[in-house]
Structure formats: C-alpha cells, structure tokens
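Protein chains: 4
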Amino acid sequence: MDNIKRTPIVILNFKTYMESTGKNALKLAMASEMVAEETGVNMVIAPQSPDIYFLSKEVKIPVFAQHVDAVDAGGHTGSTLIECVKEAGAEGCLVNHSEQRMKLADIDVVVKKVAEKDMVSVLCTNNIETSAAASTLEPPELIGSGIPVSKAEPEIVEGTVDIIHQINPKISVLCGAGISTGEDMKAAMDLGAEGVLLASGIIMAKDPKEALLNLVSKI
Amino acid sequence: MDNIKRTPIVILNFKTYMESTGKNALKLAMASEMVAEETGVNMVIAPQSPDIYFLSKEVKIPVFAQHVDAVDAGGHTGSTLIECVKEAGAEGCLVNHSEQRMKLADIDVVVKKVAEKDMVSVLCTNNIETSAAASTLEPPELIGSGIPVSKAEPEIVEGTVDIIHQINPKISVLCGAGISTGEDMKAAMDLGAEGVLLASGIIMAKDPKEALLNLVSKI
Amino acid sequence: MDNIKRTPIVILNFKTYMESTGKNALKLAMASEMVAEETGVNMVIAPQSPDIYFLSKEVKIPVFAQHVDAVDAGGHTGSTLIECVKEAGAEGCLVNHSEQRMKLADIDVVVKKVAEKDMVSVLCTNNIETSAAASTLEPPELIGSGIPVSKAEPEIVEGTVDIIHQINPKISVLCGAGISTGEDMKAAMDLGAEGVLLASGIIMAKDPKEALLNLVSKI
Amino acid sequence: MDNIKRTPIVILNFKTYMESTGKNALKLAMASEMVAEETGVNMVIAPQSPDIYFLSKEVKIPVFAQHVDAVDAGGHTGSTLIECVKEAGAEGCLVNHSEQRMKLADIDVVVKKVAEKDMVSVLCTNNIETSAAASTLEPPELIGSGIPVSKAEPEIVEGTVDIIHQINPKISVLCGAGISTGEDMKAAMDLGAEGVLLASGIIMAKDPKEALLNLVSKI
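Residue numbers (our numbering), protein chains in the order written: chain S, 1 to 219; chain W, 1001 to 1219; chain B, 2001 to 2219; chain A, 3001 to 3219.
Simulated from the structure, these hints should not be mistaken for lab results.
The structure presented is a predicted model; accordingly, all values stated were derived computationally and were not measured.
Each residue gets a CB set at the ideal place from its N, CA and C atoms; glycine is no exception.
Check each hint, because a few of them may be wrong.
List of simulated lysine-lysine pairs, DSS-like, C-alpha gap at most 27 Å [unchecked claim]:
hint, chain 1, residue 1, chain 2, residue 2
1, S, 103, A, 3057
2, S, 27, S, 151
3, W, 1112, B, 2103
4, B, 2023, A, 3117
5, A, 3057, B, 2057
6, A, 3060, S, 117
7, B, 2103, W, 1170
8, B, 2103, B, 2005
9, A, 3103, B, 2103
10, B, 2170, B, 2057
11, B, 2027, A, 3103
12, W, 1103, B, 2206
13, W, 1206, S, 23
14, A, 3112, S, 103
15, B, 2209, W, 1117
16, W, 1218, W, 1060
17, W, 1117, S, 112
18, S, 103, A, 3170
19, B, 2023, B, 2209
20, W, 1209, W, 1023
21, S, 23, W, 1023
22, B, 2170, B, 2005
23, B, 2023, B, 2206
24, B, 2060, A, 3057
25, W, 1023, S, 57
26, S, 186, S, 218
27, B, 2117, A, 3027
28, B, 2057, A, 3060
29, B, 2060, B, 2170
30, W, 1170, W, 1206
To give a feel for the contact side, a few chain S residues facing chain A, derived at Cβ under 8 Å [unchecked claim]:
hint, residue
31, 99
32, 105
33, 133
34, 216
35, 217
36, 218
Only chain S is shown next, with the shape it has when bound in the complex (with noise of 0.2 Å):
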C-alpha cells in the first residue's frame, strides 16, 4: 500500500463524463499511465465503477472507486461493496466526495471498511473544521480538501494542513479544488500538500495527456 500512497501523488477523478466512460475511460487511462511513467509521478484514476474491472487489467497505475456504499454483505440493492470493488482491482476508494456527501456515521463506518481491506481511502471535506473531523476517525490515507489552491488566499491550505497534522501528522493532505495549471500544482505543494485531486479540467481538455504533463511539469 505504501506504494500507492507514494507522494507526490495525483488522482484523476473520471466523475461521470461520457469523456471518461467506458472505452473513453480507457484512453484516459491510458494517458495517465504514460504521464506516470514520463515523470515518475504517482497517477490514480478514479473511473465509475462498471468500469474499474477492466480499467485494473489495461493499465497498472492504481484504480480507485469514486464510492463505496456504507454497507454490509446482504440485501442492499443497487449498493457497492468494498470487497467487491477490491475484487474488481480498486485499490482505493473516494469517500465523502462533495458530490457525493455522506453521514458523519457512514464516513465513519466506510473509513474503516477500506483500511480493513488495506485500502488506501481519500476522504474529502469542504473546510477546516470539517477536515479536523475527518482527522479524527480511523485515520484516511489521504484527505482531499475542497479548499481552493489561490493567491488571495494560502494561509486556508496552510492551515488546513497544519490542523491536519496536528491530529494526525501521517494524513496526506491533497488539494482538491482550483488546480488547473503547473502553478497551481506547485503552489498547492509549496503550501503542504503532497498531492492533488483533477477532474473535469484535464477530462475535457483537447489532449488530457499533455494537460497533465502540463500540470506536473512544475513539481
């Protein structure tokens, strides 16, 4: 798992874009791959889940589910499992992303299934109160905060990271909003954070590929 958390690390949420859906998903996966194998740096993609199983065959970058329902093996249809999104190749798994919020007792309970199956988990949270809450619980991986990387700014990041720390000095703080260019990314880094969460800006863009090479150019 260490591997997978290797910092500096960059996920890819593929979201529900029909750019980032089933053979389309491939390209981009594809992309990423070759992005992390050109610079070294650590590509996640995060693909809707009827798509990760093939996804985790086509490339080697880790795959992680955008959702994991917080459940137990039984009657829950339309649910997800984590073991059976783990069976699929995921190796990790968004919670609490912003547009897909869940309860306080769910984040909890899904918190704890992923490291349970030595998953690597990405909570997201929206602000600094929330993200000391999120370092509370069974400690994330990773915690990617839906703080804006801007000038106007940095202290919020700063102090993001630093409450983060302050609880749980293991916890990788990403930065999951407002990164559209190398200088985001490097001022997102310079401000604490290891890593970042991308979507619709490298997902539409014209050539995904050289958008990330763009965007990691600076690190």
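Based on these hints, arrange chains W, B and A on the given structure of chain S.
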C-alpha cells in the same frame, strides 16, 4: 430486445451478498446460464455494477444493472450512468427496487433513459397504487410488483396485473416477493404474472442451480 | 373540505425566506387574508411548520403544511406527523414539491394519510408523465404542475390538464411555475388550470398585498 | 444560555409518538416542568416542530427543536430554518440524532448556525470516533453519545467522555441510550456524563411524571 424480455422470465437479483460478489458472482451466473440452457426459461442476472463487465463477457444470458442514477453526463462523482452500464454489457436495469427506492421524478428520468438506450427496465413497485402510477410513465417493459404471492390473497396479484394491463397491455408483470418454490412460481404465473424476481432464496441456497431448476420445474 | 379546495385557488408557498418567517409570516398571512376578503379568491398559505400553529390562530384563510413525512407515529426524531400539523391547525399539505421531491412509495403513503385526515393534498409534479402517475394514486384534491405557463407552449399546460382529467376528472390542476402577473394567471385559467401556486414573486414583492391583488385582477 | 445548559440536564426527546403530539405533548411538557420544579434538575423538552410555538408559551422549561435543516434562507420548501424555530421559542436543537443522521458538511453548517443564534446544540454521535470528530467542530455545548450505559462495558462511556474532554473540556457529554432507571442515570453520571437524553421509556410510561421522578431520584 424482444429476446431479452421473452417470458417466462426469471431475474436473479444478486444484491450485495458475499455469495454473489466477484468470483462467487461468476459461479452464480454460470449456474443461471445452465438453467436457461436446460429449461429454455429466460434467465437474467443482476449483479453489483463492478461485476457487470466481466460477467457479461463470461455468460450469454442477459445481465442487468441493479440501479442507475438519474443523472446526465457531468460532474456526479460516485454515480453511474446508464451509458456506462450499457457499455459494460448490461442490457437492462432494475429501477426503484424496494432497497433502492427512488423519487418519482427520478424514476421518470431513468425509465426514459433506459428506453432511449434500447434497454429493458424492470420498474419495481410496492402496491396496486404505485403499480398503476408506474404504468403511466414511459412504459417500462416489466413491472416487478413487490406484492407477495400467497394463497391467502391471490386477488391482490390479479388486481395488480389487471390494473397494469388496463393502463398498458404491453407491460409484463413479474412477482417480486414470496417466491420460494416451484408451486409459488406456478401460482404467480397462473395469476397473470409472466415471470419472477428472485434473490436470497437462490443466492444462499446450498445448490443454487438445483434451487433454480426446482423453481422453474412446474411451468 | 369543499370550501378549502374552492376554485379559483391561490396557494402562497412561504418557503424558507426570512421575509416569510415568524413575525414576517404573520404580515404575509394577513395580507393574504385581506386579498381573500376583498376579491373572494380562495387564498391559502403554506408556512414553515413551526409557524403553522400561530398563523392558523391569527387568520381565517386555510393554512397548509409545506411537507409532512411518510412515517407512522413512533421513533422518527426530526420528522413531522400529519397528525401534528393537523392539530396545529393545518387543513392541507403540499406533497412532493420540487424543492422536496419524494420517493414514489412515500408520495403514495402521504396522500393516503392526508386523505384519511380529511385534509387537502396538493401533489406537485414536474411534467406530463409524472402528472399522469400522480393522478392514479389516492386522488389528491389538487395537482400542482410545475410546467411553466408560457405563450410559447400553451399546449403543454393544456395537455397536462387533459391527461389528469382523463384519469380523474375530479382533480383540480394548479399552475406552479411562471406566474408573475395577472395576465399569466388569466392565461393559466384559460388553459384549464383552476388555480396557482405562488412564492418568491409575492414574498419578495415591495407590497405583497398589491402584488397579490394585481395577480388575481384579471380572473 | 448558561442556564439552559446547566447540568445535570435531562432532555426528553418527544420524537413522533401520538403520546407526545399536540395536546398530549402539552401534558408531557407540564409533567416535565413539574419534575424540574420539584427536583431542580434542568429538564428540557424537544417536541415536533409544529408544537414548539405553543409549548414554549405554556411551560417555562427550555424547548429544543429535534432538527433543523442545513439551509440558508431561500427557496427550500419543506425545510425549517433555525431562525424559524428560534422565533417560535426554541432555545436549542438536537443535531444528527440517530433517527435523523446528517452529512458531515451539514452538521458543520448547523452547529455554526445554532451557535450564531446563541442557542444550544446537542450533537448526537454513535461511537468514540464520531464523538471525537464532533468535538472538533464549532463546539456544540452538548454531545449526546448514543453509547449505551451498561454494566458490561462502562469503559466505553468513560472513554468517550475522556476523548471529548481531551479535545474540548467545555463540552458536556450526555448519555443517549440505555437509560431506563434511576440506577442507569446514576451510573451514567458516575462515568462522567452530565445528563441524559430520554424518549419512549418516559413518553410511553403509564405515568411519565413518576417515571421522570424515579429517573432523577438517585442523583
């Protein structure tokens, strides 16, 4: 698509049991395929979404999703598009299962999306009133009524079939509860149902193939 | 109850604006009552649930709840029973408003509960298909269609009224969107609607009473 | 506000029982008030939101809401603003009750809103981890731990109190489960709790006042 919704139809909902996840899902899928071949019954399997891709490669019987989200392509982390499950190999989708109840407006969105993709929807309902409401929407091919087949109140099943056919005679009605033996299945068919939805009774059976064979033995 | 659903009916949904909360809710309720008295229009107000009790004591026009939960009496902290809003003075209830969409199964439960209590339900829908579905349930007295009244597509409003009346001629249809002037209201009535659902246009008006009077001036 | 959160504090959650709705809510509120007067215990009642207004007029003990929504003033039909329950007479609010679990981001929003209004929040949690997470947010005055007081595992209650006080010593911890006798209540206080959350055991008691008196008799 006509072949996919051929009746009598038996849909095995894999839900989220360990016995129906990953490699175990494959065993269950193969047992279902053998029963289809031996009996001519239209067997359909509905696994968790990460298992759709490889199961649809391994067996020839139709694979349905257990649920898709009422979202368009875009930023919806953790959701699953109908386009994604289709490209993964699904030919249909359960909608509004009792363990995944949906908002009326979302049911409307999803049955339209499934129809646009020439896939089969199985719209699950819980009583006569919601079955009638379901029949007025973009016609789902199949309505999976949650009304139990019991000797005590056969008229409720008949009444449901009647009201659905009155609104739209092309919709086939499945019985989605209380089916555990060949007699139950025969009773459902005698009351006007054209198939059944099964789950734990088969999944947890010592010999799922035998259990399925027993179930379809009387029709 | 006949008096409560007398048409033309104008329902003012207070939503959760500061301008329609607490003491401000009282001002708005009194303005609505004056308009009812001056024009003979059946004015109904739908405040937040903590305001139902005192508003129903202060004004004689009917007070509706904005929502009740599909739960039976029991352990459901934070929910509100239909029995509770009735005892507080509510004579009806909005159901499935676009800002509070409900599961199909829950809509079915709530319209039945409202009917059992001899109260009036206003079931809100978002298009022709969901309006038809709504009409097949325990008949709500009123369906609040979210289809905007526009000069461009009057046939959609008419089509909605037609399909609802075809399924159940006793249901009155209200227009729930796009009503901001007396002309809009008249257009809605000419297309077969028997009333309207209003909100921010009146709540945020400089003079809500004047705005209401203007609105009903053409019918 | 100091008076409102005076300990020992006993909060009676009315939930949504018929026995605690409307006129019955008034009886229960008056019984609670008598117990407060006779014993000096800080009794608080938490009725359904339509009952807040008249109960807060009828009794002098504090009235709390069972839940408020994490929304700002605006178009949120069916939601309830903190401003609305405050104007109706509530002096505090339960947050994230086990029957009304909230998203982490929403809990953060609501505890901040409650604090801004100088009201008391009772943030409910379900284990040590979520209690710790709750303590890092805008400090709620009270944390209602759902950990049952049992003779078998007293250390879990103590551990919860300890970790909460380690993070923020000003937070009072309430026991929210397993309290049915005076002995249970005494045990909870001995383990570091400063009060309890009660519900059906009192609401459904033949004589709620007697049941309450018995409960506080040992402290």
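Structure-based check of all given hints:
Between residue 103 of chain S and residue 3057 of chain A the alpha-carbon distance is near 35 Å, which puts this suggested pair outside the 27 Å criterion. The suggested pairing of residue 27 of chain S with residue 151 of chain S is violated, with an alpha-carbon distance near 33 Å, which exceeds 27 Å. The straight-line distance between the Cα atoms of residue 1112 of chain W and residue 2103 of chain B is roughly 17 Å, inside the 27 Å bound, and the hint therefore holds. The hinted pair formed by residue 2023 of chain B and residue 3117 of chain A meets the criterion: a straight-line CA distance of about 17 Å does not exceed 27 Å.
Annotation: proposed proximity of residue 3057 of chain A to residue 2057 of chain B holds, straight-line Cα distance about 14 Å (limit 27 Å). A C-alpha spacing of about 53 Å is found between residue 3060 of chain A and residue 117 of chain S, which places the hinted pair above 27 Å, so the restraint is violated. Distance restraint check for residue 2103 of chain B and residue 1170 of chain W: the Cα-Cα separation of roughly 25 Å lies within the 27 Å cut-off, and the hinted pair is therefore satisfied. Proposed proximity of residue 2103 of chain B and residue 2005 of chain B is supported: the alpha carbons are some 25 Å apart, at most 27 Å.
Between residue 3103 of chain A and residue 2103 of chain B the CA atoms are separated by roughly 20 Å; this keeps the pair inside 27 Å, and the hint holds. Taken as a hint, the residue 2170 of chain B and residue 2057 of chain B pair is broken in the structure, with Cα atoms around 31 Å apart against an allowance of 27 Å. Taking the CA atoms of residue 2027 of chain B and residue 3103 of chain A, the gap is near 35 Å; set against the 27 Å cutoff, the hint is violated. With a CA separation close to 36 Å, the supplied pair residue 1103 of chain W and residue 2206 of chain B exceeds the 27 Å bound.
Proposed proximity of residue 1206 of chain W and residue 23 of chain S is contradicted: the alpha carbons are some 39 Å apart, above 27 Å. Under the criterion of a C-alpha separation no larger than 27 Å, the hint pairing residue 3112 of chain A with residue 103 of chain S is consistent with the structure, at around 17 Å. Between the alpha carbons of residue 2209 of chain B and residue 1117 of chain W the distance comes to roughly 50 Å, so the proposed pair goes past 27 Å and is violated. For the proposed pair residue 1218 of chain W and residue 1060 of chain W, the alpha carbon gap of about 24 Å is at most 27 Å, so the pair holds.
A threshold of 27 Å between alpha carbons decides the hint, and for residue 1117 of chain W with residue 112 of chain S the separation of about 38 Å lies outside it, so the pair is violated. Of the pairs offered as hints, the one joining residue 103 of chain S and residue 3170 of chain A holds, with about 25 Å between alpha carbons and a cut-off of 27 Å not exceeded. Distance check on the hinted pair: residue 2023 of chain B and residue 2209 of chain B sit about 16 Å apart at the alpha-carbon level, within 27 Å; holds. This hinted pair checks out: residue 1209 of chain W and residue 1023 of chain W have alpha carbons roughly 16 Å apart, not beyond 27 Å.
Taking the CA atoms of residue 23 of chain S and residue 1023 of chain W, the gap is near 24 Å; set against the 27 Å cutoff, the hint holds. Between the alpha carbons of residue 2170 of chain B and residue 2005 of chain B the distance comes to roughly 11 Å, so the proposed pair stays at or under 27 Å and holds. Using a Cα cut-off of 27 Å, the hinted pair residue 2023 of chain B and residue 2206 of chain B holds, with the two alpha carbons roughly 17 Å apart. The hinted pair formed by residue 2060 of chain B and residue 3057 of chain A meets the criterion: a straight-line CA distance of about 22 Å does not exceed 27 Å.
Between residue 1023 of chain W and residue 57 of chain S, the direct Cα distance comes to roughly 16 Å. Compliance with the 27 Å bound is thereby established for this hinted pair. With a C-alpha separation of about 6 Å, the suggested pair residue 186 of chain S and residue 218 of chain S falls inside the 27 Å cut-off, and the hint holds. As the CA atoms of residue 2117 of chain B and residue 3027 of chain A are separated by approximately 23 Å, the hinted pair is consistent with the 27 Å bound. Distance restraint check for residue 2057 of chain B and residue 3060 of chain A: the Cα-Cα separation of roughly 22 Å lies within the 27 Å cut-off, and the hinted pair is therefore satisfied.
Restraint check for residue 2060 of chain B and residue 2170 of chain B: satisfied, since their Cα atoms lie roughly 26 Å apart, inside the 27 Å limit. Simply put, residue 1170 of chain W and residue 1206 of chain W have alpha-carbon atoms about 37 Å apart, too far for the 27 Å limit, and the pair is violated. For residue 99 of chain S, the interface hint is violated, since its Cβ never comes within 8 Å of a Cβ in chain A; the closest pair sits about 12 Å apart. With a least beta-carbon distance of about 5 Å to chain A, the hint placing residue 105 of chain S at the interface is held under the 8 Å criterion.
Hint status for residue 133 of chain S relative to chain A: holds, with the closest Cβ pair at about 4 Å, below 8 Å. Because the closest C-beta pair between residue 216 of chain S and chain A is about 30 Å apart, greater than 8 Å, the hint is violated. Checking residue 217 of chain S against chain A by beta carbon gives a least distance of about 33 Å; that is not within 8 Å, so the hint is violated. Hint on residue 218 of chain S is violated. Least Cβ distance to chain A is approximately 31 Å, over the 8 Å limit.
Violated hints, listed in ascending order, are 1, 2, 6, 10, 11, 12, 13, 15, 17, 30, 31, 34, 35, 36; each of the other numbered hints is respected by the structure.
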